[in-house]
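Novice: Each chain, letter by letter, is given below.
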Amino acid sequence: MATKKFDYLIVGNSAGGIGCVEGIRRAGQKGSIAVVSDEDCHTYARPLITHLIEGDVEMKGMDFRPRNFYGSFGVEPFLGYRAEGLDLEKRSVRLRPTNGGTRHTLRFDRLLIATGGKPFIPPMAGLDLDGVTPMITLKQSLDVRGRLGRVRRAVVLGAGLIGTKTAEALAHRVESVSMVELADRILSPVTDPVSSAMATESFRNNGVEVLLNTTIEEVRGDARGRVKEVKLKDGSVLPCDLLVIAIGVRPRTELAEEGGVALVSMKLGGGIEVDVKMRTSAEGVYACGDCAHAHDFVTGGMRLLPLWPNAYIGGRIAGLNMAGAEHSHRWATNMNSVDFFGFPMVSAGFTLKPEKKGYEEIVRHEGGQYAKIVLKDDVIQGLIMAGHVDRAGIYLGLMREKVKTTSFKEQLLTDEFAVVHLPAEVKERIKQPITEIE
Amino acid sequence: MKRIYAKEDVCIGCHLCEIHCQVEHSSSRNIIKTFKTEQPPPPRIMVQEEGPVSFALQCRHCPEPYCAYACIAGAIYQDQATGEVIQDREKCIGCWTCVLSCTKGAIRPDVRGPRKAAKCDLCPGREVPACVEMCPNDALYILEEDP
Ligand SMILES: Cc1cc2nc3c(=O)[nH]c(=O)nc-3n(C[C@H](O)[C@H](O)[C@H](O)COP(=O)(O)OP(=O)(O)OC[C@H]3O[C@@H](n4cnc5c(N)ncnc54)[C@H](O)[C@@H]3O)c2cc1C
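So the sequence lines, in the order shown, correspond to chains A and B. The first sequence begins at 1 in the numbering used here and counts up one residue at a time. The second sequence begins at 1 in the numbering used here and counts up one residue at a time.
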């Protein structure tokens, strides 16, 4: 067993971990960095794993950074090792190889926990059958890709971001796809009824069966232990040879818990507690991404925001701060961007108008194009654009800067709306490059 | 860092910068073919008008590029030597996260073929970007800034 000491130890080799490496180096720090992941592969773009199934992205396109990344950033990668036994007194973790190899102990000055999420698996019999899988790792997507020749009918449980993306990918590759969702609409946390219905239509037009207000009650297999069919709440039965479980992710916090790093309550999602500087309750220990809470610039509160930009920027800011800078992460909110079968949709902040005083919504719906803005006292608090997404970022910027829209509210949803319509001083600022991360 | 700025007082909103941007990023690079026989690419610069005010705006190549930080594919990065914010078109999957992230509205969808985001690339291979060179009023100019 070898012991090694690093100035910076990063657990997680994904958005958060890579953001941290880049933050540390951006701050000019030359200290030693180790990156640990129990996934035995080069850093990859997790949100693209369903595209690997669809076939519009190949393995080369999965790399999140060039192959020489670790070398050029002076990082020692430990890929294929699970970090455990976090000891904050000794400032060390043990690395357990996931497929053979030597054990290590790593000591550190500063630690980033970017351990991401784990799929939520409902307590239900039959989920251990062959052909039943979550969809959050490269390995799981390669496994499904390898089965495509043998899969005729697929069922996807859950119509959130992961479920919808999986259903879209499978629709390109297998004979029939059914998506089963308990809520009364798909993508419910990031849509309103109108935009959700539009997205649903694009699924249905492309041959995906969308079943709402229902769920799977029983998963049944054949004599050889392979998934054969699912029975829904209403008693109907869907035959299938692939079942993807995509009803959500939960923060992966074992490592933090072992070390006694504070979590927020389960009621708030149970992630690692952090402040806007990405510091945890433990000195010199930072956290970001799907495993941690984050500041939401719309609500002003801390919450789980399991999204790629939040993880990357959170990691980058953690890295800057670990290297001695003083930055805050105020770039995150519930923001989503998708495209299903050529139907684009983005949303951010509140997608439904809160039933409270001062809130209003303005809507434009023409043909296949829909846009809705939620305002509070003329400050944008939420946005949905469906069927067209051009210049969506201008609204997001106004939302983040809490710009009063009173003087240009009439123009907000016109076709031409652009930076030119903003009050002079806002306009001049937005025309300039962004030079500060905050 | 090379950055393109617009002079509001001489921009008349003629949209020629958009046209020449489209030609420059077309497959033929020929103005007639681009608009007559090809599907023209979306302009990566946008002329905006409100009453007498008009100017063109394109990617600012931000030193803190939110689009690059948000890109779920690792397709946008900052060139360490030049500071330019570069998009690897091969890697782009057209998810529009960058479109939602750019507070200037300077990245747009290109849906002519496989979905791709399109943004100003400062015309690689050209001494002077097409929009700057072709503006009849010299309303666009290049500033060397640090960073
Ligand atoms: C199919 C799919 C599509 C998605 N689409 C989008 C999208 O369009 N837009 C968007 O914003 N987000 C999307 N997401 C969410 C996005 O991928 C996550 O928010 C992001 O990956 C979070 O990054 P992270 O660094 O926090 O953690 P993760 O990416 O989860 O990485 C954490 C890593 O740490 C490793 N790890 C955990 N614990 C240990 C340990 N103890 N020892 C060693 N290694 C450990 C894990 O194995 C993993 O490799 C999608 C996710 C999926 C699965």
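Just so you know, these hints were derived from the structure itself, not from any lab. Where hints are given, some of them may not hold.
List time: in silico EDC-like cross-link candidates among lysine to aspartate or glutamate, alpha-carbon distance up to 20 Å [what the hints assert, rightly or not]:
1. K356(A) - E436(A)
2. K404(A) - E428(A)
3. K116(B) - D296(A)
4. K427(A) - D9(B)
5. K431(A) - E90(B)
6. K427(A) - E49(B)
7. K2(B) - D296(A)
8. K431(A) - E49(B)
9. K431(A) - D146(B)
Novice: Checking one constraint from the list: CA of K2(B) to CA of D296(A), max 20 Å. Satisfied?
Specialist: Between K2(B) and D296(A) the Cα gap is close to 34 Å, so the pair fails against 20 Å, i.e. violated.
Novice: Within a Cα-Cα threshold of 20 Å, do K431(A) and E90(B) meet the stated pairing?
Specialist: 28 Å, violated
Novice: Does K356(A) pair with E436(A) here, judged by a C-alpha cut-off of 20 Å?
Specialist: Given pair K356(A), E436(A) is violated - Cα atoms ~34 Å apart, limit 20 Å.
Novice: Verify the proposed pairing of K431(A) with D146(B), using a straight-line Cα cut of 20 Å.
Specialist: The hint holds at about 17 Å.
Novice: Regarding the pair K431(A) and E49(B), is the alpha-carbon distance no greater than 20 Å?
Specialist: At roughly 14 Å apart (the allowed maximum being 20 Å), E49(B) and K431(A) satisfy the hint.
Novice: Could you grab the alpha-carbon distance between K404(A) and E428(A) and see if it respects the 20 Å cut-off?
Specialist: 16 Å, holds
Novice: Would the hint linking K427(A) and D9(B) be met if the CA-CA limit is 20 Å?
Specialist: This hinted pair holds, its Cα atoms lying about 15 Å apart.
Novice: Within a Cα-Cα threshold of 20 Å, do K427(A) and E49(B) meet the stated pairing?
Specialist: 13 Å, holds
Novice: Under the criterion that the straight-line Cα-Cα distance not exceed 20 Å, is the pair K116(B), D296(A) satisfied?
Specialist: Roughly 29 Å between the alpha carbons, so the hint for K116(B) and D296(A) is violated.
When each numbered hint is compared with the structure, violations occur for hints 1, 3, 5, 7.
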